[in-house]
Every structure is written in structure tokens, then in C-alpha cells.
Amino acid sequence: MDYAALWFWIVTACFAIYFFLEGFDFGVDLLRPFLARNERERKALINTIGPFWDGNEVWVILAAGAIFATFPLWYGALLTGLYPLFTLILLALIGRGVAFEFRAQVDHRHWRVFWDVTSFIGSFIPAFAWGLIMAALVQGLPIGQAGVYQGTLTSYITPFTLFGGLTTTLLFMLHGATFLLLRLDTQSALHARARSAALFWGAFATVAVLGFVYLGYVREELFRSFGLSNWVLPALAALTLAGIWLSLRLKRDGLSFAMSSLTIVFSVVTVFLGLFPKVLPSTLGAAYDLTIRNAASQPYTLYLMTIVGGIFLPLIIGYQAWNYYVFRHRIAVDEPKINQEIISHGTD
Amino acid sequence: MDFSTLELSRFQFATTSIFHFFFVPFTVGFAVFIALLQTLAFVRKSDDLERLTRFFGHLFFINFVVGVVTGIVQEFQFGMNWQVFSNFVGNIFGVPLALEVLMAFFLESTFLGLWWFGKDRLPSWLNLSFIWLVAIGTAISAFWIIIANAWMQHPVGYEILNGQAVLTSFWAVMTNPKGWQWFSHIFAGGLTVAAFFVMAVSGYHLRRKHEIPLFKTGLHLALVLATLGSLGVVASGHIQGQSAVRDQPMKYAAFSALWDTPEGGSMPESLIALPSNTQNRNLFSLEVPYLGSFLAFDNLYQKAQGMNELQAEMVKTYGPGNYIPPVWPVYWAFRIMVGLGGIMLLTVLWGLWLWRKGQLETAKGYLIFLLIMPLVPHLANFSGFVTTEIGRQPWVVQGLLLTKDAVSPLPVAYVIASLVAFWIIYLLLIGLDVFLLTRTARAGMHPPDTELASVPAPDYTLGSDPVKLKGS
Chain A
0 MDYAALWFWI VTACFAIYFF LEGFDFGVDL LRPFLARNER ERKALINTIG
50 PFWDGNEVWV ILAAGAIFAT FPLWYGALLT GLYPLFTLIL LALIGRGVAF
100 EFRAQVDHRH WRVFWDVTSF IGSFIPAFAW GLIMAALVQG LPIGQAGVYQ
150 GTLTSYITPF TLFGGLTTTL LFMLHGATFL LLRLDTQSAL HARARSAALF
200 WGAFATVAVL GFVYLGYVRE ELFRSFGLSN WVLPALAALT LAGIWLSLRL
250 KRDGLSFAMS SLTIVFSVVT VFLGLFPKVL PSTLGAAYDL TIRNAASQPY
300 TLYLMTIVGG IFLPLIIGYQ AWNYYVFRHR IAVDEPKINQ EIISHGTD
Chain B
0 MDFSTLELSR FQFATTSIFH FFFVPFTVGF AVFIALLQTL AFVRKSDDLE
50 RLTRFFGHLF FINFVVGVVT GIVQEFQFGM NWQVFSNFVG NIFGVPLALE
100 VLMAFFLEST FLGLWWFGKD RLPSWLNLSF IWLVAIGTAI SAFWIIIANA
150 WMQHPVGYEI LNGQAVLTSF WAVMTNPKGW QWFSHIFAGG LTVAAFFVMA
200 VSGYHLRRKH EIPLFKTGLH LALVLATLGS LGVVASGHIQ GQSAVRDQPM
250 KYAAFSALWD TPEGGSMPES LIALPSNTQN RNLFSLEVPY LGSFLAFDNL
300 YQKAQGMNEL QAEMVKTYGP GNYIPPVWPV YWAFRIMVGL GGIMLLTVLW
350 GLWLWRKGQL ETAKGYLIFL LIMPLVPHLA NFSGFVTTEI GRQPWVVQGL
400 LLTKDAVSPL PVAYVIASLV AFWIIYLLLI GLDVFLLTRT ARAGMHPPDT
450 ELASVPAPDY TLGSDPVKLK GS
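Protein chains in written order, with numbering that gives the first Met the number 0: chain A, 0 to 347; chain B, 0 to 471.
This is chain A alone, in the form it adopts within the complex (with noise of 0.2 angstroms):
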């Protein structure tokens, strides 16, 4: 068996997976600024993810571990290259796993105002910088010997890297918006109040995926080596991202989420399907190039990898199901109709 192969897919299984989930968790917290009136409101919003977003996390640290593992000259280069990108990366998840647990913990409309402020821009930075990441993948960094990065700070900043990250933050409200007509209460206004946020924002998100398709076909060369099999995944990325804007108008709250998160799914599995069997291009020459045969580790470690990785992953996905299983009741937003009459027996 081709360890390496099927490692590089694993690999793009673990940012597929990332990006769906956490992309909803990241998108919540785009909107909540635009969606929420109240603290009522706002702490609804906190709460349809407020069980998730911790394990949603861990699968880009499996992405970054699974890389080091079996691809350790991918792992530093690339973590070397963008540097920059990635300190300010881990500075905003560290701002925003605290803000989501310190936020509670003191009543304080200025402690919460802080924490919120931090929680969005915690969430925008990663959401744009990795959408801005698949795109320099893609378009090659500047490396040269022993995968050593040799531009400057600003030679993977392009139209086509900027648009990148635009389209990962778009798309990531839009599914976070469909995410939040699965789990609010229907009734609310905040609920009527997301569809109408999917519909505004998809309309973006859309221009921007059309906007990054094209430059990544005519300035780079995805797509370009594309047969047309290959073709059949963008072409279903694209189908399900019409199917949002339908299912949307036909108010079937399960089909929009599902069909955004397979947009989601289907993009990553193309960018890294245009990749292969490069790793991470060399924009110096195509002799830099990192590919999954000079960049993997030794056929021992990659056999060990597989075979823990197959007890482990479908375990993984099986707990993290059965917790979404077990808090999947919608979050109710206004308050409940049995206080306000005790209230109003009260005052009589």
C-alpha cells in the first residue's frame, strides 16, 4: 500500500473535517455581532456551540500533528515559511478559548463587551489566515534547499492568497448561519434573523468562491492539470453551494446545513486534489518542490501511523457524533413563557 498516498489523504480528511466544523463555530461568532440585540441573544448564539467548538479545535492540531508525523519536512517549512501568519493564528485561538469561558464568569457588561470583542476578532483571524494558507499552498511558497523559505514578509500576500482567505471567511458565516437554523428555536426572531444573514452573506460567499475559482484558474495552475474526472469535485462543490440558496428559500433548515457543509468538504478535497502529489510547490523551481515522496517519513512510521490512526479516528468520530447526538436539542432564545407569568402574578 501507498502509506504516503493515503497519508496525504488523511491529511485532507483532517482540514476537510476541520474546516466544517469549526468553520460553523467561526462563523457563529462572525455573525454575532450582526445577529444579536440582546445579551439574551447573544449568549444564545454562544450556547449552539458552546458544547462543540472545544473538540471542534482539536482536528486542526490532529492536521498539524499528523503532518509533522508523516510529512516532517512539510511541517517545517510550511509552519517556518508562514511564520508570521501562524503567531498571529495561535495568538487569536488563545484569545478566543479563553473568551468563551472567562465571558461567564464575571457579570460585567464591560468584561463581556472585552470578551466578545476578543471571541470575533479570535475567530476572523484564523478564519481568513487559513483560507489565506490553502491558497499559498496552492500557489507555491518561495523555498528553496532543504525546504527553506526564502521570500519576504509579504511574497505569499496576492490577489489570489487575499481572496483566498475572503472566501473562507464568507463561506464560514454562511455556514455558521445555516448551522444556527438547525439549532435555535424556531419561533425566535433571531432564528428568522439567521436565514435572512445565510441568504445575505451566501450571496458574498458566492461571489467570492466564483472570484477565487477563477483566479485560481487563469494565475495559478489549479485546475489547470484537471481531467475530467477531476472536474466532478468542484463541479459538486458548486452544485451544493446553488443547493444552499435553494434549500434556503425552501426553508428546510437540515438540507441548507448539510448542503454547506458539503461545499465546504468538497472545496478542501479539490484544493488539495490540485495539489497532488505536491505537498508544498516551490515557487523557485519545481526541483524545491516538497511532494509526498521526499517530504514523508520512513514506510515504519507511516505503517504505525496507519494502523493507530485506524483504531483511533473512527473512535473519535464516533464519540464526537454521539455528543452532538446528546446536545442536539435547538437553544431556546427568548425567555421561557412559564417565568413571565409568574412574573405577571407577581406584580398583580
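Just so you know, the hints here were simulated from the structure itself, not pulled from any lab data.
For every residue, glycine included, the Cβ atom is placed at its ideal position computed from N, Cα and C.
No incorrect hints appear here.
Chain B side only, calculated, beta carbon under 7 angstroms to chain A, not exhaustive: (1) Asn86; (2) Gly89; (3) Thr460.
Got chain A sorted already, so can you dock chain B onto it with the hints?
Below, chain B without anything else, positioned relative to chain A:
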């Protein structure tokens, strides 16, 4: 002094690792304490003990979350600041790291949420199993990262192929005796950190006569754990020191400030010394005869090699260079660690003696003394970290890769900028953590009746109880 990428990267690694290391042993030990407490609540079917579990759970989260977010930095910085190291060791070092994520991180993050939020949604035996899964997860996580570190300090099961260290036996890596010694040392250390924290909080409330029976249980359970923990720390520490003589003689000589191989019939142990790295000798040293031989070899006559002799041997093996670590910090950090361990042991004995006399909950002096004790194991952990990590310099992988050769070719400005940013964020986090921990710990528990008036809408942020909305 001129700062280079190497020095700044080392400083950054030390910063992020030590900061992370303030939270991790605490989390590991605290999870065990909470799991034990909830087991007690489950067996006794006690709602009150359940309430105590939730109270300490709340404190656990504040700490846990900082541990998690700083752990992400830990995972990424190998590639960011140490590209050459990552390329060299990825085949081996990456595996335990990936295993840590697969076996522990997912387990902790998922079941912690299920434990806290699923309390009224799932049967209580299932809820109890969740906290045990979290406790096991934190321990597994510590285990794999220590196995990875142990490989760097005592490489096993590898061969060098095309300039990379390549795995030949994962079994050897997994059963690296260094790893198991360190794991037991750090696990025991974690128990003491958590136990002294719980003792301080319980003592504080006992002195104020809050919920006396409950905090009595907390104090008793924590004292038992502190006893096991501090004895475990001493025993595993001793085993470790003896194995260092064999596996990392240079490190051992550094923390003993042993420059020259002793000439007499035995090896003394230095109690107080002023080691000088420039003159390769001690400017002053107060020594106890025979003690060194006894501690290192359990007899009175065996001797370890001094640093000067080891240096000469290493120059022969690895070529010219300075292979002696900075002795001053290693020597003193080691002594501070041992001294603090002694204070912990005495505190435990004092507590046990009071307990036996039936005065543990009322001994005002002891309860006040306990308030400063949570700092002591933290400082001991910090000193232990300094001892073991500076003690192995200049090697990042013992005998295979020097630290100075492992660093990423980064512009100095990048590292300065990130270092400043991390320091600002970390100082803020420490401040917030201490503020929230003391605030929550002092607030104590809500009386049982407000628990019954549970609010219909659950609150899905870890550590925040719906009960907190009392009075609304």
C-alpha cells in the same frame, strides 16, 4: 548583548513551555482529585458531595482552558522555530505527538463538555465515567509528550538515515525508562499541585465556617493525595537522579556542580556552591563527604565522572565544542526543587499529625499556612523544568543534534515580535487566571436550595453553572 534568532527562539521555547507547564501538572492532578471526589459522591449517593464536585469543577475549568490554549502553541512551535529539528526528528518525535492528539486531546475536550453540560441529561454512572475519561485523557496526554521529550534526552529505537533520525522500534521509544521515570515524577508532582490547591481552598472556607462537613471532606481527600503525591515525587526523583548518572552523566554532574572526578575513595555531595562556567570550577563549595556516592549509587564508594573529564571525552567523540551546560541555574534550580519538596513533605506530615489529633479542621495556624502552599509545588515544577531542560544543553537531541543547529532560519524581527506578543498575552492570562481562581474559590458554593431552582435554559460555557443566576 546581541540577540540572535537562536537565543530568541530558545527564550521563546522556554517561555511557552514553562508557561504551559504551570497549568498542565495542575490539570492532570486536579482531574484525578475531581474524579475521586465524584466517585465518593456517587458511592455515598450524596448531593452535597456532588455540589462540592461541581464547585471544584468550576475551578478546574478556569485552569484547564489556559492549559489547552497554551498547548496549541506548544504543538506548533516545533515547526515554527525549530525547522531543522522538525526535519531531523519528525519520523520519531511526531509519532508520540500525533498519538497525544488521537488518544488524549479529543477525549478530554469531548468528554469534559459531556461531563459538565450533560449532568442532568445522562445517568449519573455515565456522568461519573466521563470525568474518569477526562482524568485518563490528561494523564495519557502527559505521558506521550514526556515520551517525546525522553527520546530527545535519551534516544532509543532509531537509526540515522540520510540525515534524519528514523524509527526502528516504536516499542523501545514507548518503553524508554527515562519516559516512565519522568512520567511518574510529573504525575506525582501534578497530584501535589492540585492537592495543595484544594487544601488551601478548603482551609480558607473551614476557617470561615462555610459548609464545614463538605470542606472537611475536601481537606481530608486532598491531604491523602498530597501525601501520596509528595512521597511519589521524592521516590521517583531519587530513581531519576540515579539513572541520570548512567544516561546523562553531564547533566548529573551539572546539578551536583561536580567539575572534577573525585580523587578520594568516595564522592562528596555539594550543599552550597558557587559554580563558574568560565573557570570550570566552583569558586566555593560546602561539601558533605560520602553523601554523593550514597545518593547516586546507594553505596559509599562509587564515583561519577566530573564535567571536565566528560567534556574531554565528548570533544573526542563529537569534535571540538563546549558541552558543559550552564551550571549555575541547573545546580541551584535542582537544590530549590529538592528544598521545596522537603517543605511539601513536612507540610503533609504536619497535617497528618494534626489529623491524628483530631485538630486538622480547627488548627488556625495550619489553615493559614496552607494559603501559601499552592505556590510551592508550582515553583518546584518550575525548578524541575529548569534543571532537566537546561541540564541537557547544548544538546537538543542528546548526542545527535545540537540546539544551535536545530533552529529555523528566521529573521530576528519575526521572533522578537512573536516573543513580545506571547509575553503580553501570557502575562494577561496569568493575571486573569489568578484573579478568576481566587475570586471563584473565595465565593464558595451556592446553598443547596438554589440548585433546585435550576433555570430552564442551560448555559453552555464550561464552568458557568445555571445556578449562578440566583436571585434573578
